[in-house]
Amino acid sequence: MGAFSYFPATPSDIELMLRRIGVKSLDDLYSDVPGDFMFGGEYDLPAAMTEQQVRDFFKSLAGADPKLKVFAGAGAYDHYTPSVIPYVTSRSEFLTAYTPYQCEISQGTLRYVFEWQTMICELTGLDVANASMYDGPTAAAEAVRMCVASARRRSTVVVSSLLLPQVLEVVGTYAKWGGVNIKVAGDVAGAVSEYADDLAGVIVPGIDRYGRIVDLSGIADAAHKAGALMVEYCDPSALAVLKTPAEWGADVAVGDGQSLGIPLNYGGPYVGFMACRSEHMRKLPGRIVGESRDSEGRRCYVLTLQAREQHIRREKATSNICSNESLMALWCTVYLSLMGPEGMKRVNALCHERSHMLYRELLSTGLFEEAFPGADFIKEFALRPLVSSDTLQQALLKAGYFAALKVDGEDLVTFCATEKRTVEEIEGLVKAVCSLKEDRK
Amino acid sequence: MRYYDRLVFELSKPGRVGFSLPDASEGLAALSGIDSRLMRSVPARLPEVTEVDVVRHYTNLSQMNFGVDTGFYPLGSCTMKYNPKVNEEISGVFADVHPLQPESTLKGVKTVYDCLGKSLSAITGMKKFTFLPCAGAHGELTGLMLIREYHLRRGDTARTKVIVPDSAHGTNPASAAVCGLEIVQVKSDASGLVDVESLKPLLGPDVAAIMMTNPNTLGLFESNIKSIASMVHEAGALLYYDGANMNPLVGVARPGDMGFDVMHLNLHKTFSTPHGGGGPGSGPVGVGEKLVDVVDSQKVSGFHGNFAVMLRALAYILMLGRQNVGMVGRLSTLNANYIKESLKDSFKLPIPSVCKHEFVFDGLADDGSDGGSRPGASTLDVAKRLLDFGFHAPTIYFPLLFHQAIMIEPTETESLETMDAFIDVMHKIAEEAKKDPEVLRSAPHTTPVGRPDETAAARNPILKYSFE
Amino acid sequence: MSNIKEGLLYSESHEWVYVDGNVAIIGVSDFAQEEMGDITYVDVPCAVDDVVKAGEDFGALESVKASSDLYSPVSGTVVAVNAALDANPAAINEDPYGAWIIKIEMSDTSELDSLLKPAAYAQIAK
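Residue numbers (the numbering used here), protein chains in the order written: chain G, -7 to 433; chain P, 237 to 704; chain W, 134 to 259.
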């Protein structure tokens, strides 16, 4: 083996260290590993590449696939990312730090997490937020666990069937093994009264799987009357204009921060968030940063309420989470700082403008019917296509658009248009749809 | 590092903006047309700042942080190795790919999963991986779900317990509890290994699995693994491998060959992806032959896992290649033993045998206390004093087996010179403790902030900015 | 040397019991609070009318870096939980024998026989 750029040890360094340790060879350091477990052959790995080859390899992989304009959402939204964000988040002091255990040399991380917690509280209207979760669906699954932990001896959670499919799936996976009884219901209010005796929580979307803004009136009262908590799954970008979880009466809010300027990246990393009312603070999973003073009286930030966590409470912890998505929380914090209240309003206005334009133009092709006439939406909507949804999606792909996502088990497709989509792109997509009309003739 | 005392909210001034977006008057009018019952009554108090405010603010914050790029980060069990820059460079090549795109548009993406899966299988001896878990603890949870699914599919519903050694990471029992398993603890023996005699009577028809970390959290290879594996398998249970400590075995030995049935890897430890101040990580779970059919059965995250983290890990593997992989584990083990041997006179070494990638001291050999009025320096004090010398502290007070535990893991990417500088400082701190432990007890002295009042923070939590 | 108050019974897990007729008033010993350090939160999830069993945990004390389960020395029904500790967990550090945590109406007073007298407890509280 020749020298390698990530290994500083030279042959003479190795000699010197072995001598200090008092062994003859590197493999002597493994004398406690049974001989037949020492891997003898050559590892079945590619040959080492140079940095240039690695670059070319990934460039060629990316080049193998078409570049598509994304007109789809369903939990991953193609919003604009200001150039400041990758610049700030790639600062190595943030990027290459561990979890901020040593607060004296981690004030950078601790401060942005505190800012993130504050921003999540502002968006949701709730009192307390944690340092982040893996993604929206896992945050929802943890919220379900939190409902059951708070309720004591009740284990049913009613879950709205209007949530995104991946949220239902992940919630179902966690619940199955965690002893939670999940009732997926279209009629949430009805299910709440049906299971009132064992009800620990209710989870509903602020925006449903068809992109519709949901009127959540009455859900909180019904849940509370049954002695259960209300959880809202929300889009944090839209929360800048929509009624907050706190205003709907929710006790817990969860969702995915991806819509706050995180690139699609084939699904990750994104960032889950979780906020609650202060009375449930001790049941919140994950890291939490708090403000304190140092020995000189200076304002400083620390990981706090750690006695809830796995490294102290072990099997009695509120959750097993430790690493979360800290850097992505920074990503969103920088995004929200740049956008401010005005920018967030404008993003939502532009989404509304573009998606409604697309909606109108698609209907005018005559190839769609309205699925939910009169429903309010911000950036995503469902239509009933009069051609096969596969044909539709294929035709659009061919023209360079990823759109018309089929809704599982229904004759509907969804479209999404963010502020990133231009009028020209919308017109191009509609033109590609129209070409189907000619095919049909 | 210098103290910078601002929060972004404190920079806010009405009328300033940091965005560049097209005019939206039509959309704004349309928004106000939505039923007001669906709209929020007061705007979120987000900061109103310019782009330059944001850049300076976060640059200033970053300067109060210590990363691997700043200096030596010997945090035990965290494998803080160097994070190569080419990883970052290529990590955005699929930034615009939507997670629900059809397979026909994902040739490149699929190649990444294939290459990474095959490489991880080659390194670990596992047959197949799922990439959905987003972190190590998430991987543990997923692995345990797979184990439960496996037993259930065989019609064996009685296996509701999991055995966890007392030296295990806290996530092990926590993950088991989230997975609905009952935890049974098995003791370590005097040499720090799982006590085989204590394990025997615990194995029964109600045990789903044993979770092992190998080398364990004391940095010791569980040399009885062969007999443990056969005992566990004979009892119908499975062996779970906690991959947090995989680094010393990379290129040396494979969990799959040792009889482990399920394992997770921390790509953000072993495979050089940056930890990001607490994520994003990636915790792929690999399974042996028996569990190949269940490996994809658990939907534990929204889409396909943290794909951009996997890209970084694959870049690292391609740089290493088969030629360099053999030195990852060996050099990490060499470095750990070198530091251990160099410091064992100044610090208590409870287990003197050869370690793997990390080892544990039990506090200072002489903490400087006079048995009376002069209190000695604790492990916490040593850790804090190290910060003054420009080193990150080791992991402290873990594992719980030793009251003054100091757990040191140098990784293979640290040079002899860096380690010698660390060793010198550790000796110096030990000398200081003997002479005047107060220097340690009041440390750190040179960091942006001193020791925080953590009790006040926990008793009266202030968890968000007060705008008033 | 920690203070071991006379007139109380003690458990091996460092809870004290003051017997008031049929009701056991329960707190933690001076030794326990010293070992814990600054207590930051008293986590007692059970409520009045809950049934507890001797030896089972009914809550936990939290400090910054530790958590210690509270075990009920007796079986019975919870008749009161000290809500004042929510706002002032430090009371346990300041006055461990004044800061009671929970009151339990005992279902089997013979369980008291297995608890330790102050002299016996002094043997383990060190």
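These are calculated hints, taken from the structure and not from any lab test.
Wrong hints could be hidden among the right ones.
Taking lysine-lysine and the BS3-like style, the derived pairs with C-alpha atoms no more than 30 Å apart in a straight line are [stated by the list, open to error]:
{"id": "1", "chain 1": "P", "residue 1": "LYS354", "chain 2": "P", "residue 2": "LYS584"}
{"id": "2", "chain 1": "P", "residue 1": "LYS670", "chain 2": "P", "residue 2": "LYS584"}
{"id": "3", "chain 1": "P", "residue 1": "LYS346", "chain 2": "P", "residue 2": "LYS364"}
{"id": "4", "chain 1": "G", "residue 1": "LYS16", "chain 2": "P", "residue 2": "LYS462"}
{"id": "5", "chain 1": "P", "residue 1": "LYS321", "chain 2": "G", "residue 2": "LYS59"}
{"id": "6", "chain 1": "G", "residue 1": "LYS59", "chain 2": "P", "residue 2": "LYS670"}
{"id": "7", "chain 1": "G", "residue 1": "LYS61", "chain 2": "G", "residue 2": "LYS308"}
{"id": "8", "chain 1": "W", "residue 1": "LYS236", "chain 2": "G", "residue 2": "LYS175"}
Some chain P residues near chain G, calculated using beta-carbon distances under 7 Å [said to hold, decoys possible]:
{"id": "9", "residue": "LEU243"}
{"id": "10", "residue": "GLU246"}
{"id": "11", "residue": "ILE270"}
Glycine is no exception: its CB is placed at the ideal position from the N, C-alpha and C atoms.
Run through the hints listed earlier and report the numbers of any the structure violates, in increasing order. 1, 6, 7, 8 and 10
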